[in-house]
Amino acid sequence: MINCKQKEIIVGVLGKQYSPKIIEHLNKKKIFNSNGVPYSNPSIQKIVSGTQKNNIVELEIGKLLVKVKKKEQTKNNLYK
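Numbering (the numbering used here), first residue to last: 1 to 80.
If a hint is listed, it holds; no wrong ones were tucked in.
The following label-pair restraints were derived from C-beta to C-beta distances:
1) N77 x S34: 37 to 43 Å
2) E58 x G15: 16 to 22 Å
3) S34 x L78: 37 to 43 Å
4) N33 x L78: 33 to 39 Å
It is worth saying that the hints were derived from the structure and are not from the lab. Everything numeric in this text was worked out from a predicted model, so none of it was measured. Cβ atoms here follow ideal geometry from the backbone N, Cα and C, with glycine treated the same way.
Using the sequences plus the hints, can you model the full thing?
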């Protein structure tokens, strides 16, 4: 389950409008909810706020954070 510190990191890396970015990542990976449809903004917000547990989505959020951070580092290294 995601805790408050982890939520701060997610918002810090992805911004306050993190749900659409996470949903896009999940859709590319073909990860859908139990009904076989893409996750909604409210369901992602529940997972990120720690009120709803979803190990698969939480793992993918971690992978997305790593991907975004690497992309930012590469971009920063190009401009040095």
